[in-house]
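S.K.: Given next are the chains, with one letter for each unit.
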Amino acid sequence: MDRREILDELKKVLWPYTENKALLDGVNEHTDLVNDLKINSANLVDIIIDAESKYNIEIDMDSAEKMITVGNCIDVITEKMNARK
Amino acid sequence: MYDDILDLLPYQSSFRFVDHISFLDINEVRGDYTLKKDSFFYADHFAGNPVTPGVILIEIMAQIGLVVLGIYLMQQSPKEIGAGMEGRCVPLLTSTEVSFHKMAMPGEIVTVRSKKQFFRFGKLKCQVEMHNGRGELIANGTLSGFIKKY
Numbered sequence: 000m001d002r003r004e005i006l007d008e009l010k011k012v013l014w015p016y017t018e019n020k021a022l023l024d025g026v027n028e029h030t031d032l033v034n035d036l037k038i039n040s041a042n043l044v045d046i047i048i049d050a051e052s053k054y055n056i057e058i059d060m061d062s063a064e065k066m067i068t069v070g071n072c073i074d075v076i077t078e079k080m081n082a083r084k
Numbered sequence: 000m001y002d003d004i005l006d007l008l009p010y011q012s013s014f015r016f017v018d019h020i021s022f023l024d025i026n027e028v029r030g031d032y033t034l035k036k037d038s039f040f041y042a043d044h045f046a047g048n049p050v051t052p053g054v055i056l057i058e059i060m061a062q063i064g065l066v067v068l069g070i071y072l073m074q075q076s077p078k079e080i081g082a083g084m085e086g087r088c089v090p091l092l093t094s095t096e097v098s099f100h101k102m103a104m105p106g107e108i109v110t111v112r113s114k115k116q117f118f119r120f121g122k123l124k125c126q127v128e129m130h131n132g133r134g135e136l137i138a139n140g141t142l143s144g145f146i147k148k149y
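Line by line, the protein sequences give chains A and B.
Under numbering that gives the first Met the number 0, read the first sequence as residues 0 to 84, first letter to last.
Under numbering that gives the first Met the number 0, read the second sequence as residues 0 to 149, first letter to last.
Simulated from the structure, these hints should not be mistaken for laboratory data.
Don't take each hint at face value.
Said to hold, decoys possible - Think about it this way: if two alpha-carbon atoms lie no more than 20 Å apart in a straight line, the pair counts; the simulated DMTMM-like pairs of lysine to aspartate or glutamate are:
1) Lys79/A with Asp61/A
2) Lys65/A with Glu28/A
3) Lys114/B with Asp43/B
4) Lys37/A with Asp24/A
5) Lys115/B with Asp49/A
6) Lys115/B with Glu64/A
7) Lys11/A with Asp61/A
8) Lys148/B with Glu64/A
9) Lys37/A with Glu78/A
10) Lys79/A with Asp24/A
11) Lys20/A with Asp1/A
12) Lys147/B with Asp24/A
Here the structure is a predicted model, which means the values were calculated and not measured.
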């Protein structure tokens, strides 16, 4: 799974937590979840849990703290998927 | 036997909505509260016709279902982020999705049962339901919150 594919899948994970759906159209690797997508920071935990079940990975505290932009999220997801193999 | 945890609740008289905890483990809490007829909100909600406000029912569900269970979970897993209630910290409600099925009247006892969906990175999310003394469903829904240190 390349970064582009992960990004497309990640948008589906972010969808329920993004109140203004139009903001998802412009998502790229630099998009900040809280500042750009206006996601409630308390819901970042739910996003991490949804991503874990979607990609069959486990995200620890250190990795979770890095997940600020979409690019950061793809980094962590890629790293954890590779660790699984 | 679980009531010791009530001493750790950060609420005072008029806004403490837990009397007893009847069951408590890492997945579930059950507790009750008797709606005091002289509570401050009955005089005005509604004038001459006291009915428990929905926000108070949510507060009861949150205090028993999230705060009591949350404090217990932090005691069980001190490594979890935000662990402990020491220092300046408050429990904050972050989201609620609650349906109301029946009115709750002054003097009634209400029981709350809360089942943990997850407790991760300091956030607790639960399925919570409230029944009256006749076993009728008053409200149910999903609540989540975390402990904010500042």
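S.K.: Compare the structure with each hint and give your call.
M.R.: Comparing the hints with the structure gives:
1. Lys79/A with Asp61/A: holds (12 Å)
2. Lys65/A with Glu28/A: Holds. Lys65/A to Glu28/A sits at ~14 Å (cutoff 20 Å).
3. Lys114/B with Asp43/B: violated (33 Å)
4. Lys37/A with Asp24/A: This hinted pair holds, its Cα atoms lying about 14 Å apart.
5. Lys115/B with Asp49/A: Cα-Cα ~16 Å, so holds.
6. Lys115/B with Glu64/A: violated (23 Å)
7. Lys11/A with Asp61/A: violated (24 Å)
8. Lys148/B with Glu64/A: holds (17 Å)
9. Lys37/A with Glu78/A: Cα-Cα ~26 Å, so violated.
10. Lys79/A with Asp24/A: violated (26 Å)
11. Lys20/A with Asp1/A: At roughly 24 Å apart (the allowed maximum being 20 Å), Asp1/A and Lys20/A break the hint.
12. Lys147/B with Asp24/A: Judged against 20 Å, a Cα distance of about 33 Å means the pair is violated.
Figure legend: structure checked against the earlier numbered hints; hints not met, in rising order: 3, 6, 7, 9, 10, 11 and 12.
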